[in-house]
Amino acid sequence: MIIADLSADELRRELDGAGLRIRVGPIVVAVRSSFSAVADGLALHYAAHAIGPPDFADFHVSVEPPLSPRRWFAPQALFRFDGGPPFTPLPAAQAFPLFEWGLNWCICAHCHQYVVVHAAVLARKGRAMILPAPPGSGKSTLCAALAARGWRLLSDELTLIDIETGVIVPIPRPISLKNASIATIARFWPEAPMGAIVPDTLKGSVAHLQPPAQSVRSSADMAVPAWIVVPRYRPAAAAELVPLGRSAAFMQLADNAFNYSTHGRRGFERLVDVVDRSQCFGFTYGGALEDAVLTFDRLADAV
Amino acid sequence: MVLYNEATGSTHHLTSLGTYVMLALLQHPAGIDFAALVRTIDACVELAEGLVLQDEVERVLAGLAELRLVARVAA
Amino acid sequence: MSVPSYGILGRTLCDIDRVFTEPADWDELIRRAREADLLGTLAYRLAERGRIDDVPAAPRAHLVSARTLCDAQQAAVHREVAEIGRALAPLQTPIVLLKGAAYLLAVLPAANGRLFSDVDILVKKDALPAVESALMLAGYATTHHDPYDQRYYRRWMHELPPMQHVKRLTLLDVHHALVPETARLRPDSQTLFRHAIALERDGVSILAPSDMVLHSVTHAFNNEEMTHGLRDLVDIDALLRHFGADGGFWDRLIDRAGELQLTRPLYYAAQWTTRLLGTPVPPDAQARIQASAPPAPTLVLMNAVLGPALRPTVSMPGTRWARRVLYVRGHWLKMPVGLLGVHLTIKAFRRKQRPTP
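Protein chains in written order, with the working numbering: chain L, 792 to 1094; chain B, 914 to 988; chain G, 25 to 381.
Source of the hints: derived by calculation from the structure; they are not laboratory data.
Where hints are given, some of them may not hold.
[Stated by the list, open to error] Derived contacts from chain L toward chain B, CB cut-off under 7 Å, selection only:
| no. | residue |
| --- | --- |
| 1 | K969 |
| 2 | A1045 |
| 3 | F1049 |
| 4 | G1055 |
| 5 | F1059 |
Note that the coordinates shown come from a computational prediction; the quantities given were computed from them, not determined experimentally.
We put the CB at the ideal spot given by N, CA and C, even for glycine.
All chains should be built: construct the whole structure from the sequences, respecting the hints.
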């Protein structure tokens, strides 16, 4: 059974009760929330995701108004994990993005069976391309464009590398877009269901794109590292792949890994292994997304 | 070259000169005389105009010592 | 009075195999353990028993993750102790490791699967200025810059304000006594140093076994905050089981408690560890400890309060109230009543900053 099989009433009942259980790649999250924005966001973005089992959830979370008098003047939303709030409350309008950010936090803080890298990752025929990049490098726009043109989405934010085996574990979730890229992707991929645009967050305006159903259905299929590509957006630049030294590629992964130091030497060895198995590139592009996609398609076909 | 330092738990990315110095030192785990080290590096690298190899190697060694990757020992 | 229920976490800590024989609620167990900072301990004990592979895959991932985190923290504590030893070596003054760092460096079972938040050391009071200087030279900066807090720690408590290393961001607490200067009961610190045991490396020492247990006991039962209540009991239980294997230990422990005027906290500790964790205490030791029980009315109140406060989760009924009463008691034991009003009032207006996502 998938989330889309639930009626609106059933969805509401779960969110009000013991928690709506959603299987997201390797994890099951049980979420409770009285916010309709959260219900709408989950119904849209997790429509293709399987309903999780009733007996075990990896993370029990909630997005609710905080228990303070302020709730009556400036409505707020608070993310809680197992009863404790890791962040301060945000304006209630940001309730759904708060759920996404909160879930990111849970995974980064509590999933040390993986090296968790802040990077997008997509796959062609079981071979994964990792796109590490700091905010503002255009990673999410590129990720959305590739997903639009048939690349399997494994994740737009959190690349999970199994510490023991080095396989990349899919965790397809809504693609988060910010500011200008919202309009860019709306033009590039008009058929993709996009959620409400939430203005005035700390990151600017934020909207989420529904992950392709096929990517969600394939989330039990692991991928192996094949390419590491570091994107850099330069206005009006032509799309160009430039070979990247292995040391530099390694540092990109290590610098962007949330739990690198937790893994110590094993983390070092695992990332060295990932780099050794991958072709590494820097990628400059100027916003012509069709050219960008073409470049990556050619890269994938060249093997 | 990237290195994991077991003693500090830190990871380092060495520059090209740093890499050569480190490789030379790794080939002589019991230690190497400074002059011999400079001669070894001289055979592998070509420095840009205006740089003195001895000074650059000294600088790299100081940096590596601060990172606890190398230590000076008495002859 | 009836033994309070600690649910599946308490039962599992008492008998690790139970979770495989009774209907398993792994969801509840993992959550309660994580909340109590005992997930690593649970993971370690299951591994020790050779039963990690019997755990279903989904909960097993959390145990593996917790174990990885504990291992990383252990490595970090080892490195930190080496740095501290290096920084303070020139002073030639005793440095005694306390709590988790001590258990780890002394290779005690109490260190297994433990989470470490900071390193605690004990130094002689007259060495404090030199120690603080040397630490600052080595990159440790003081925290709690508010002048009130600085005074609270230095003049009234038994430690420097917590220090943090500027690069490594590790936390260090420097104590000069085990109990604050202003406390009603004051064991003498000099005797702790006389009995301390030097470790082979890093130039540091640990407390003698009885003193280590008694420190752990006072930390659990005289402190203001009870958030780690159950975890502290787990530490005490582990220490008692390990040291108790030596025949003469219990008598030495009780004698020492008398010398240091810590018989009352030891009484509470023994009560609760035997009740919750099944700590084996020899009958004659039990009889001796029983002699330090508080008068009956105090006993009833403390039992009523200690029970709920030790539960790992704040959301269970009664726990918040119990923690508040103990918070006041903790302060009462530490500071003369006049000072108490002042400190509690100011603390109530201080709200900790939490990060934004």
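Open item on the list: Hints numbered earlier in the text: which of these fail when held up against the supplied structure?
Closed with: 1 and 3
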